[in-house]
Amino acid sequence: METQKTLPAAKTGQTAVLQGNEACAKAAIQAGCRFFAGYPITPSTEIIELLSSEMEKVGGAFIQMEDEIASACAVVGARWGGKKAMTATSGPGFSLMQEAIGFAAVTETPSVFINIQRGGPATGQPTLSGQQDIYQARYGSHGDYEIIVLCPSSVQEMYDFTIRAFKLSERFRTPVILLSDEIVGHMREKLIIGRDPIPDFPDWPVPVASPSEDFFTGASTMVEGQLHDDQGRRIGHLPTQSGDFTHHLCAKIQDHMEEIADIETYFMEDSDVAILAYGSVARPALNAVKQARGVKDTRISSRFKIINTLFRRGIPAAIQSDYSHLKVGLIKVNSVWPFPEEALQKIAENIKLIIVPEMNMGKYSREVERALRDKVVVSMPKCGGDIHTPQEILDRILEEVGVRESRI
Amino acid sequence: MNPVYEKYIKKESLPTLFCPGCGSGIIQMAAIRAIDQMGIKDEVACVSGIGCSSWIPCYLDLDVIHSLHGRSLAFAQGLKLARPDKKILVFTGDGDCLAIGGNHLIHSAARNIDLTVVMVNNRIYGMTGGQKSPASLKGMKTKTSPAGSLDEPVDGCKLAEAMGATYVARWTTAHPIQLEKAITEGMNHHGFAFIEVLSQCPVQGSSAFGDKTPAGMLKNMKEYTWIKKKGEAPPPDKTVIGLLVHRTDRLEYTDQHVLMPGGTSSDKPIEPAKEKRGMPND
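Just so you know, the sequences run in chain order A and B. Those letters in the first sequence? Residues 3 to 410, per this note's numbering, in order. Those letters in the second sequence? Residues 894 to 1175, per this note's numbering, in order.
Keep in mind the hints are simulated off the structure, nothing from the lab. Check the hints yourself; a few may be wrong.
[Stated by the list, open to error] One-sided and incomplete, this derived list gives chain B residues near chain A with beta-carbon spacing under 10 angstroms:
1) 963
2) 968
3) 971
4) 978
5) 1143
6) 1144
7) 1146
[Said to hold, decoys possible] Computed beta-carbon distance windows for the label pairs:
8) 1115/B / 146/A: 24 to 34 angstroms
9) 233/A / 895/B: 20 to 30 angstroms
10) 343/A / 910/B: 50 to 60 angstroms
11) 1044/B / 386/A: 40 to 50 angstroms
12) 996/B / 124/A: 41 to 51 angstroms
13) 996/B / 55/A: 52 to 62 angstroms
14) 219/A / 912/B: 52 to 62 angstroms
15) 1022/B / 376/A: 31 to 41 angstroms
16) 1022/B / 235/A: 54 to 64 angstroms
17) 363/A / 992/B: 30 to 40 angstroms
18) 141/A / 1041/B: 33 to 43 angstroms
All C-beta atoms, glycine included, are put in the ideal place defined by N, C-alpha and C.
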């Protein structure tokens, strides 16, 4: 029998080299997650393996359930028992979890679902990467609801976004999905662990329309999967009240987009052309931008959070490159859902052409197109499991710019 | 209103959606009496699935999860693991527990996790209008088996016993006192307790108990059943009711679990349970 994997010793503020999945497990513990239920599935298995031992060290509960349906349901059950809870899975398991994710949304149960994407549909490509679940993460469960989905592109982000997922889920009392993929889940990188202490439970959740007291606090909480009032009594047969409830579910998140939206921009100040990417594809996209700009420095970033305060640090003088005339920038979307429409419109104000590379048949590009109607949005789909190379992205930009110029 | 009932019911949630003559009220009252008699109002939470029977706890002044179809045991296991010090009472139906949720029954019984499951068996899908359920008798005519059901009925008690449930009982709505006692015993039992309750559905499932009136169905339930007695062989044409399994040789799941109430690790080693299967049932 193989011995239980354990994490390399890493203390608060220390650097470590970890796999994306390991960073996710570590972050969950750091965020106060004390319940994990899961079912093994490639390529997310390292998370369940690690938490089977790590959870016990902090006095939490771990259970390997009979399937992903049970795992997702147990997570919701455990949260009502007062434990922050999460599960981790991949494509087929994520499909099975959708009903419970809808239940968590309608009962306003804070919960975190990790999806380490692989190629699909069905068994698809168990060992290769993809971003094909981008719509399922948003629209997977039946009915109308709003959900928060974060997309990491590095091991550090895997760590940071897992913690943010817990914070957001408690704040907005909603399921939050960490939509990673096989590439980020399995890559090993340096990361800094535990930079900020996590409060146990934030005392500032948004107003909710459902009972929200934990069980066994004397509140007689009624958790009802049918549309319900603030006492948990069913209102599913009452059209006006039900309509209001659905509006509330969406509005409690949509009204706080300034807080939720997280978009990073690179070289966007003077750009004509932008690459819009999320998840692992943001890596070759950034590399392409740097090549185009003739920049070698790896630590250039500016984080855009609605308020247009772009700042950059340490950009060396640009080296002349074959693509210098292009003026390419990168828009890296970290909070992919709800779609950060307004923030994006502001960022892309002066952009003429946007290339959207993604590891699917071109899904997110439709959203970009919808939000930026006056821009030329070019989808750059890639299926099969291989990630776009920077060269492919650059060539596509050259091609598109050429086409556009020849038309003029 | 009955004073015990009044103590536990949320009046603003009334009326219940049970049809006249439904057996769920009898089961609800038995559960209320059991909880009241044990004095565990603050120590118990209810979890239910979807179906008529799963509405039973929804009118009670307790912590309740009215969960998804078939998933009550999955939610309940999560809740139990988060709070191993509390009692969890699960209400489910024959369709909810044996069809869509059958896998969770198998695995929660195998774990011997400390839950008390009340499976209300009316041998029909009542809420959707009278389609056959996994517990419908062979040959039973329903809206989805107009020529008679071809399937053999699934015996939830035997399934639970086979998977290692340590307390298994079957009663009917014609035995409310015994049912109350069984629910009390089930909640006092430290392990997986499975209690099947045969219950009448006079609106959708009259063919299951050979009468159209609730009173006639209750009468038939007494007639069709035989209370298990030690050393006596059951009559071949009767359903065995009573206490079917009571084992003390298996460890409870959360006890073996490294997690203990309050979140401190236990030093208790994980011992393999002594297997003692094939106990006489009926």
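### Query
Which of the listed hints are broken here?
5, 6, 8, 10, 12, 13, 14, 15 and 16
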